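If you're matching them up, the sequences are chains P and R in order.
1 is the number of the first residue of the first sequence in the numbering used here; add one for each residue after it.
250 is the number of the first residue of the second sequence in the numbering used here; add one for each residue after it.
Because the hints were derived from the structure by calculation, they are not lab data.
Warning: the hint list may mix true and false statements.
Ranges of calculated distance between the beta carbons of each label pair, as one might list FRET restraints [to be verified]:
(1) R:F458 <-> P:H17: 51 to 59 angstroms
(2) P:N16 <-> R:T433: 57 to 65 angstroms
(3) R:M539 <-> P:E185: 54 to 62 angstroms
(4) R:A344 <-> P:K29: 33 to 41 angstroms
Far from chain P, some chain R residues (derived; all Cβ distances over 12 angstroms) [as the list claims (entries may be wrong)]:
(5) F320
(6) T357
(7) I383
(8) V438
(9) L447
(10) G450
(11) R479
(12) T484
(13) M497
(14) I512
Because the structure is a prediction, the values reported are computed rather than measured.
The C-beta atom is built at its ideal place from N, Cα and C for all residues, glycine as well.
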Amino acid sequence: MNTFDIKNLDLFYGDNHALKSINLAIPHKQVTAFIGPSGCGKSTLLRTLNRMNDLIAGVTIKGSVKFDDADIYADVDVRKLRTRCGMVFQKPNPFPMSIWENVAFGQKAQGLTDKKQLDAIVEEALRSAALWDEVKDRLHTHAFGLSGGQQQRLCIARTIAMKPDVILMDEPTSALDPIATAKIESLMENLRKEFTVVIVTHSMSQAKRIADKTAFFLMGELIEHGETQQIFNEPNDSRTRGYISGDFG
Amino acid sequence: MSSTSAIPSSEVVSKKAMQRCKRRDFVEQAFHLLFMLSAFIGVLSVITIGFFLVTESIDAVEYAGMSNIVFGLEWLPPALFGIAPMIVGSLVSTAVAVVIGVPIGILTAVFLAEIAPKALVNVLRPAIELLAGIPSVVYGFFGLVVIVPLIEQVFNVPSGSTILAGSIVLAIMILPTVIVVSETSLRAVPKTYKEGALALGASKIYTIFNVLLPAARSGVLTGVILGIARAVGETMAIIMVMGNAPAMPGSILEPARSLTANIALEMSYATGIHSSALYATGVVLLLFVMMLNGLLMYINRERVK
């Protein structure tokens with residue numbers, strides 16, 4: 001069963017052909033990693049999945065992206081799509097407010113005002129993001145007081161609080177130190193049980209550690225995708241082999 | 250210049266380099282002095298203005314007493330020098346101007362920073378900046394021709410020259426300050442906040458009011474306070490539309506005189522204690538502006554945190 005079905009997807013930034021006829025299925029409740037050198041289009045593809053590319057002027061998209069059999073570029077409410085496909089960004093981006101406010105933000109934006117319900121959601125989300133024990137005594141202090149790794153887990157908690165189906169992660173550990181990275185990776189072991197996870201990563205070892213499926217991109221093209229084991233051990237394409245063995249990128 | 254010619258032999262380096270160093274030191278110090286002198290001129294002006302205002306006002310304070318000036322309700326020179334009506338006139342006209350102008354200004358800033366297409370921004374922003382450049386006497390004309398008659402009609406009052414007329418003119422005058430400063434600070438809010446909020450499915454409006462404006466709060470407040478300072482200090486336009494009666498106004502539909510108008514209207518013929526009382530008016534005005542600046546410093550100190 002597939003969460004996303006991407007068919008013949010072309011994306012242009014003005015005249016720049018950033019994604020070239022991508023065909024890819026992203027399976028349900030698995031971790032899919034997008035790898036490839038900088039500028040290969042992997043983050044761009046991730047951002048088409050929750051329509052964050054809409055924010056950029058001059059983007060044109062052709063082809064179709066189906067999420068649960070509905071074409072997200074045809075007949076889907078963007079806000080609803082984003083509540084179901086949460087996103088964690090490259091740099092931790094907590095809002096300038098308290099920890100509690102950060103986690104409750106999405107639900108409040110949807111109109112939930114009941115304090116008790118929000119409290120329960122905040123606690124559950126922080127537990128799922130393995131942050132509860134560290135912050136339970138200071139929920140109402142400013143989020144900027146947290147360390148970088150904690151801030152990123154807060155952003156994950158903020159996303160989980162929306163009870164999404166999918167979590168999209170755009171190089172979530174590239175701004176973090178190795179220890180914070182390890183914590184996020186071990187957190188992902190739990191996330192994969194509940195969510196479909198799509199992660200863009202620069203680190204091939206990270207993809208190898210956490211991903212079930214891996215897709216390799218180069219210059220806007222999807223070169224190869226499949227089981228992570230297969231991509232890393234017996235790639236079919238010489239360019240994949242070259243990238244994985246460190247010849248370029 | 251090739252890279253080799255830039256590295257001459259060592260003896261030449263030491264001598265020439267020394268000379269160059271000395272000359273650079275001299276230029277460096279000369280500029281330091283120039284910077285300091287420039288800074289000094291501004292500070293010296295403030296001190297001088299404050300000093301003369303206070304010394305010139307001493308006669309009036311000795312004659313009437315500080316509390317009789319500040320709290321006195323009657324302005325009948327050369328006998329009574331109460332400026333409470335003018336203090337009220339200044340504060341109320343400014344407050345009403347803020348109530349009218351600040352929401353419009355902030356909403357305009359949001360429109361320019363977040364909503365308007367670029368082509369429209371390129372038309373609107375120069376228009377707003379032009380608003381800042383219009384001389385206040387022209388605002389006064391505008392008030393006399395448009396706003397004063399309008400108030401007469403709408404509220405059915407004998408004269409439209411009222412606090413409300415002054416406030417409306419002031420509200421328009423503070424718009425450019427509020428808009429430009431707020432827009433700048435809204436644009437300075439990290440894009441990642443907006444992305445984060447939208448990625449959680451928040452609407453654009455919710456994001457603006459719950460993330461962007463709070464994040465830009467100190468900048469927006471700075472714009473508001475600069476606007477207030479401009480409104481408190483405004484003279485010409487106020488004289489033209491506010492009626493200038495030196496009596497305590499009963500409502501915003503009555504004429505009033507501002508502190509600035511009091512000085513400007515009477516300075517040309519005042520002598521002796523009367524003249525000194527006008528300086529005292531200036532001292533009160535200066536105190537208000539200083540309080541506003543203090544507030545500004547307090548807000549900006551918070552921003553650093």
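>> If you test the structure against every hint from before, which numbers come out violated?
In response: 1, 2, 4, 8, 9, 10
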